[in-house]
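Residue numbers (my numbering), protein chains in the order written: chain U, 168 to 1259; chain V, 35 to 410.
A hint or two may mislead.
Derived coverage of chain U by chain V (criterion: at least 3 residues anywhere in the stretch with Cβ under 8 Å from a Cβ of chain V; other residues may be distant) [stated by the list, open to error]: (1) 426–438; (2) 515–525; (3) 620–631; (4) 692–704; (5) 715–726.
Taking lysine-lysine pairs in the PhoX-like style, the calculated list, with each CA pair at most 25 Å apart, reads [unchecked claim]: (6) U/Lys-515 to V/Lys-334; (7) V/Lys-50 to U/Lys-640; (8) U/Lys-694 to V/Lys-50; (9) V/Lys-334 to U/Lys-172; (10) V/Lys-315 to U/Lys-515; (11) V/Lys-50 to U/Lys-644; (12) V/Lys-317 to U/Lys-515; (13) U/Lys-1010 to U/Lys-1134.
Pair ranges (Cβ atoms, derived) [as the list claims (entries may be wrong)]: (14) U/Glu-761 to V/Tyr-314: 41 to 51 Å; (15) U/Leu-397 to V/Gln-128: 39 to 49 Å; (16) V/Ala-56 to U/Glu-761: 55 to 65 Å; (17) U/Arg-656 to V/Ala-56: 20 to 30 Å; (18) V/Tyr-314 to U/Gly-255: 47 to 57 Å; (19) V/Ser-169 to U/Ile-621: 43 to 53 Å; (20) U/Arg-446 to V/Gln-128: 29 to 39 Å; (21) U/Arg-656 to V/Glu-330: 44 to 54 Å; (22) V/Asp-170 to U/Arg-656: 21 to 31 Å; (23) U/Asp-637 to V/Glu-330: 51 to 61 Å.
Think of the hints as simulated: they come from the structure by calculation, not from any bench.
Ideal Cβ positions, reconstructed from N, Cα and C, are used throughout, including at glycine.
Residue strings, one per chain:
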Amino acid sequence: MPRRKDISKILVIGSGPIVIGQSAEFDYSGTQACKALKAEGYEVVLANSNPATIMTDPELADRTYIEPLTREYLEEIIRLESEMKIGGKFALLPTVGGQTALNLAVELADSGVLDKYGVELIGAQLRAIKMAEDRLLFKDAMTRIGLDVPKSALVNNLRDGIEFAGKIGFPVIIRPSFTLGGSGGGIAYNREELMDILARGLDLSPVHEVLIEESVLGWKEYELEVMRDLRDNVIIVCSIENLDPMGVHTGDSITVAPAQTLTDREYQCMRDAAIRVIREIGVETGGSNIQFGVHPTNGRMVVIEMNPRVSRSSALASKATGFPIAKIAARLAVGYTLDEIPNDITRKTPACFEPTIDYVVVKIPKWQFEKFPGAEEGLGPQMKSVGEAMAIGRTFKEALMKGVRSLDTGKRATAEDIEPRRLMQRLVTPHPERLMYLRYALREGHTVKELARITAIDPWFLQQMKEISDMQKEIEKHPIDSVPPQLMREAKRLGISDARLAESWKIGDSKGAAEKVRHLRAKNGLKPVFKLVDTCAAEFESYTPYLYSAYEEEDEAPPTGKKKVIILGSGPNRIGQGIEFDYCCCHASFALREDGYETIMINCNPETVSTDYDTSDRLYFEPLTLEDVLAVHEHEASSGAPVAMIVQFGGQTPLNLSLPLKAAGVPIIGTSPESIDLAEDRKRFGKLIEELGIPQPPGALATSVDEAVKGANSVGYPVLVRPSYVLGGRAMVIAYDDASVIRYMKEAVEYSQERPVLIDHFLEAAIEVDVDALSDGDDVVVAGIMQHIEEAGIHSGDSSCVLPAVEIAPHLLDTMREYTFKLARALKVVGLMNIQFAIQRDKVYVLEVNPRASRTVPYVSKATGVPLAKIAARLMTGRKLREFLPENVEQGTDLETGDCYFVKSPVFPWNKFPGVDTVLGPEMKSTGEVMGVGDTFGEAFAKAQLSAGQSLPTSGTVFISIADRDKDGLAELGKRFVELGFNIVATHGTANILERAGLPVERVYKVKEGRPNVVDLIKGERIQLIINTPQGQDPWFDEQAIRRAAVTQRIPALTTMAAARAAADGIASRQGGKITVRVLQRLHAERVAVAK
Amino acid sequence: MQAILALEDRRIFRGKGYGAKAECYGEVVFNTSLTGYQEIFTDPSYAGQIVVLTNPQIGNYGTNPEDNEAVRPFIEGLVVREFSPISSNWRSQQAADEYLERFNIPVIADIDSRALVRHLRTHGVMRGVISLIESDTDKLVAKARSIPKMDGTDLARVVSTKQRYSWNQGPIVTYPAQATKELDPESALHVVAYDYGIKQNILRMLVDQGCNVTVVPAETSAEDVLALKPDGVFLSNGPGDPEPVTYAQQNIRKLAGKTPIFGICLGHQLVGLALGGKTYKLKFGHHGGNHPVRQERSGKIEITAHNHNFAVDPDSLNQSEVEMTHFDLNDSTLEGLRHRTMPLFTVQYHPEASPGPHDSHYLFGDFVKMMQEWKG
Ligand SMILES: Nc1ncnc2c1ncn2[C@@H]1O[C@H](COP(=O)(O)OP(=O)(O)O)[C@@H](O)[C@H]1O
Ligand SMILES: Nc1ncnc2c1ncn2[C@@H]1O[C@H](COP(=O)(O)OP(=O)(O)O)[C@@H](O)[C@H]1O
Ligand SMILES: [Mg+2]
Ligand SMILES: [Mg+2]
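Here chain U stands alone, though its shape is the one from the complex (with noise of 0.2 Å):
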């Protein structure tokens, strides 16, 4: 069947901001949805609150809309495209968007919107969805069709749960409906555990709904993914096996593709069994992925979930097969049949069959428990990891080792993190550093046999790791000037890196030694090949150049002639460097491509965009440190081609390779490693700040507890202490006495001579700018100056920002833009430059400047209709701003943002870590972020709060507490609230001063004043919106304590006058009760028309 003709109009959803459970890999399957549908002509619309995302960039889509994921703003979506003219059907695909998209279109459906626009579902039929979805009605299916289920109940009270507990025995699974990624669901092994889990998971589940379920706990765990077209054909592209058995989620466990340890006789009874539930639950087209549980000893096999749309580990399987899993679905969707679509691989080969790869591809979650002190670090059936790596090997052994090193964890484990007293335990309960307990034990002589009987994990995974742990004892006995060729080589087989190697002959932390090990390689002619990812084990010839390294005879793919850039990816995700650095290496291939060079990607993050096989001309799927990356241009530059490197998009990763590579004789483009160090080396830039004239907080450097306190006093209280090189902020505090610096010094860092710890005097109350620009080393563009909402002191990527900039003063944002134009020049910056500003009394501070793309360049590029990347990564070939923004180089002027506003706001992951301190601070704790755009500023706001999850309330009691320097805006600020209906409680202070203007006002007690206080109000769901803002100490742990307090009610909680009266304007727009959409495209349109 070609493709439907009766159909003109599709609307695809994307997933949102990432989450944890809900990452970049839906913006790789959105993307590749989009760029199918448009090739196949359709007029494509598409709905996504997330502007760090490819998917939303305007070339993706005909239309795009960057709107809260909500039913109204979708309904109006909806009903704006269906009255717009259209040659045939309106359609809406919901598979592609995650969760997020498949529980959008069932709330649609079910609210009639979809019928009364006659807009229809694709993909996925709503019967199917729901049969998927709800656990219980899937189960029945299951059972109707003879297949086996863990026993279980649904049960939407705490006594009917605990009613059936006793009858199956402990310990139960419970699994909330409708949430994604298992938020909510747990373990309970007694009575008491089986409470509070019930009630959270009751809570949490949209339709206040969980199942409890018969464990399975230890059995083996696979998934398989299946997809089906229109004609009934049906295919398994991959097969997955969990080494972690049952019990912790598949997004957290380390998963292996193939399935290593079943026989053809088991595994075609579960390829048998996936046919049968895709039929049953009645999914037309597209993938699925189907969970399975197998027993170790005797086999019965259990089906666990079905995901009837792709998933996580649909990216996973398309990046380990080389199968387009989301593209094809799409295409699907839209009535071809699978042997109606090529391979794209193989060209010659249709897409109907079953890839099989002559390799092993290991998938590594990355958690980061460390950024949430007090959260629980035992892994479950909830997901809890912020991000993975993937690595591909010729066997799994060095998969695994590709695969540990692709995490970028900053340190090697080593022995000193163990503690052989809780080794036991720590081997039992799953949890992050499992993995080097288990090399530890095996180390210390314990069996494979032992081993798997504590761990519950398959033998033959841990025959592997011992393989590779006893090879690691025969090294050592050769030290590194009289080690056997021979043995290295089987060594470097294993995938044990250069580093490891440097360790084990106790030269380990020695300056240069992986160098030597290099050399060492480099003498005995040790260096990996490269082969290809082809779908078909070398049965027919291929044709894109995806590649993996292995330390093989025989190299498959020698590097052209071509000039040619290598970008280097960020890895794998975690808070502080996500997706929107992805997406800045995107736009940097995308780019170079368009200007003839060839483009060469590395990285190691399955769920990206920028690992998809057609967004660079190869694709290196590597780890990024110095040995692979070094090994990738050797290779590349074998050819005597012209061959440059950027490091600058990827984030901190690549940043931090940038002078060793440099070393190593790579030529980086773009700002010079030299000044990307000396922006992150505290003492040089400090003097370059001085010299420059430009105001810095004081600060200080120490490496011991005493340098510390005498650093503190000198730079003057409240200070900020942190470690140096840190993404994202890691581990930071404020401080403001003597005995809070000590205890930091003493517990939360690690520091040497060569790592500090530094000290700066913190700026209250001061208001923090984000400034992003483009350089060329001469001319400079501020592409945007960012005004954050919360106060300095909360890490520029957990406070909401706003663009243009609100309410700071000309004659400050001049100050800003000399400010960056003088670092810029002086930096020789090529590219692009982000600046961390904070304004306190009326003067500016730099608070950071990094030579590099930011968090915030794919916000500022959807706002300013420029893309700042893809010009950056050209600057950097040498080309001049004066090509691209002639009147912004002549005028000065920044990008313009037009008549609206544009709001960022972060997202948190707090339901995943019951328990752990929602408060905010220096350190970056947020997963994703959203925008809203307005005509006002109130407007997106109160759009970006909405998509972020935090509606603002359009009635009831607001609560106020106002620092001094504020209390000038305070009255108006009273009024507005009264004209809005509003009543007020306030503390003292500023109850006083409303009263004064002639207010109603309630007078509550802070929190050490006595009570009942406003936390025990907010408890008492009293208050819904909250407006403090804070200065000194005590304000600050009272601040701290109305967060915590604001994120358990889901209360939105503004920290600055700015937010405060953004909220008014929102709570007004909403009350209005009117919802506005934005075209993106039309936005940059109207724009343009507008400048000319």
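Use these hints to put chain V with the ligands onto chain U, whose structure you have.
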């Protein structure tokens, strides 16, 4: 232990030796299945061949008596990237290494098997030697060149059973939830199966469909077969070149039209020849579990298991007599045919799977239907 693989074109691979400390000779072919190495070891169609498995991790789940396709392995030798020293699966009874050693089959591992596959893909299948004994590569290459060519040799005769036997074992149950149906002797159909190198799963499938099976040697005459009063005759898979197997072709000509016939793989090729068609050798054959095959009538696709170096040339067949029922989507090789007037159909691929997907099990049902209709 050092091991060498030497190809007739002088390409040499050096690796580690496993299995038997021996030397083996054969035509080197590669199989792209991800699972089912034990079924592949024991598939008689591999007689005379050294098998390269593209899945780099082999031996992981060991071996067990249930997964055999014949009483012993038939591959001459094995080539893999990595061979697991341990076996991990609840059904495993013996490590793959010991198993192959027991049957005196050498293994070479730890070589760049992908490079080897690409070599065979470009230059076609060729003869080779695996040796865990000899280290003089010139000698080995010479040996490789002295191996008789597959083309023109009748291996069916060699691997076939020497005397007739009856088979009544149904499908193997690997875990409780999987049920098997009881077969009632009344309605049971009697199938006589020619063994040219038959895989046991074919027999199990026939029993599962409610048949009693009598397996007869490859050279059994049509008369003797008819004397057994079969409700239908099955022509099995098998190794080597179909052309020299003239006795089988003659028997098939005699049987065609007198009783329903179903053929698989070599059986299919023999029917092709018996009906006046020609067979030819593929460059590197089809060996794997992921081949898409289209049913020409319904347009539906089956993912199928393949294992053939030879194929029937569709243009050589008389279209008015024979209907082409299946084609491979990758390279459009003929994969199935049906006679327009006589009760006779065959497929080139392996509906019994084992190893491979079960998409084509329905063909055994078709065979049974055909027999019932014929019986009236
Ligand atoms: N009955 C069970 N016993 C033990 N572990 C289970 C059970 N059901 C699910 N799990 C574990 O919980 C994880 C999440 O369950 P799943 O049904 O996949 O929810 P999600 O929609 O979050 O993926 C699974 O990956 C599995 O490891
Ligand atoms: N001297 C200071 N006074 C007030 N706030 C500060 C100061 N220095 C840093 N901050 C706050 O800490 C946050 C993180 O500091 P920054 O230097 O940007 O680290 P990162 O490298 O993580 O971005 C900033 O966004 C700002 O809100
Ligand atoms: Mg799941
Ligand atoms: Mg910062």
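Hint check:
With 12 residues bearing a CB less than 8 Å from a CB of chain V, the stretch 426–438 of chain U meets the requirement of three and the coverage assertion stands. For the stretch 515–525 of chain U, the stated coverage by chain V is satisfied: 10 residues place a CB nearer than 8 Å to a CB of that chain, which reaches the threshold of 3. Taking a C-beta to C-beta cut-off of 8 Å, the stretch 620–631 of chain U contributes 4 residues in contact with chain V, enough for the three needed, and the coverage statement holds. Given as covered by chain V, the stretch 692–704 of chain U passes the check, having 3 residues with a CB less than 8 Å from a CB of that chain where 3 are the minimum.
Taking a C-beta to C-beta cut-off of 8 Å, the stretch 715–726 of chain U contributes 4 residues in contact with chain V, enough for the three needed, and the coverage statement holds. For the suggested pair U/Lys-515 and V/Lys-334, the alpha carbons sit about 19 Å apart, so the restraint of at most 25 Å is met. As the CA atoms of V/Lys-50 and U/Lys-640 are separated by approximately 21 Å, the hinted pair is consistent with the 25 Å bound. Between U/Lys-694 and V/Lys-50 the CA atoms are separated by roughly 21 Å; this keeps the pair inside 25 Å, and the hint holds.
At roughly 22 Å between alpha-carbon atoms, V/Lys-334 and U/Lys-172 fall within 25 Å of each other, so this suggested pair holds. Under the criterion of a C-alpha separation no larger than 25 Å, the hint pairing V/Lys-315 with U/Lys-515 is consistent with the structure, at around 21 Å. Simply put, V/Lys-50 and U/Lys-644 have alpha-carbon atoms about 23 Å apart, close enough for the 25 Å limit, and the pair holds. Distance check on the hinted pair: V/Lys-317 and U/Lys-515 sit about 17 Å apart at the alpha-carbon level, within 25 Å; holds.
The hinted pair formed by U/Lys-1010 and U/Lys-1134 meets the criterion: a straight-line CA distance of about 19 Å does not exceed 25 Å. At roughly 48 Å, the beta carbons of U/Glu-761 and V/Tyr-314 sit within the given window of 41 to 51 Å. Between U/Leu-397 and V/Gln-128 the beta carbon distance is about 46 Å. The supplied range of 39 to 49 Å therefore holds. Our hint of 55 to 65 Å for V/Ala-56 and U/Glu-761 holds, since their Cβ atoms are close to 60 Å apart.
Taking 20 to 30 Å as the suggested C-beta distance range, the pair U/Arg-656 and V/Ala-56 conforms, at roughly 27 Å. Between V/Tyr-314 and U/Gly-255 the C-beta distance comes to about 49 Å, which sits within the given range of 47 to 57 Å. For V/Ser-169 paired with U/Ile-621, a C-beta distance near 44 Å keeps the hint of 43 to 53 Å intact. A hinted range of 29 to 39 Å holds for the C-beta pair U/Arg-446 and V/Gln-128, which are about 38 Å apart.
Between U/Arg-656 and V/Glu-330 the beta carbon distance is about 52 Å. The supplied range of 44 to 54 Å therefore holds. Between V/Asp-170 and U/Arg-656, the C-beta spacing of about 24 Å keeps the proposed range 21 to 31 Å intact. Checked against the given bound of 51 to 61 Å, the beta carbons of U/Asp-637 and V/Glu-330, roughly 55 Å apart, stay inside it.
Checked against the numbered hints above, the structure breaks none of them.
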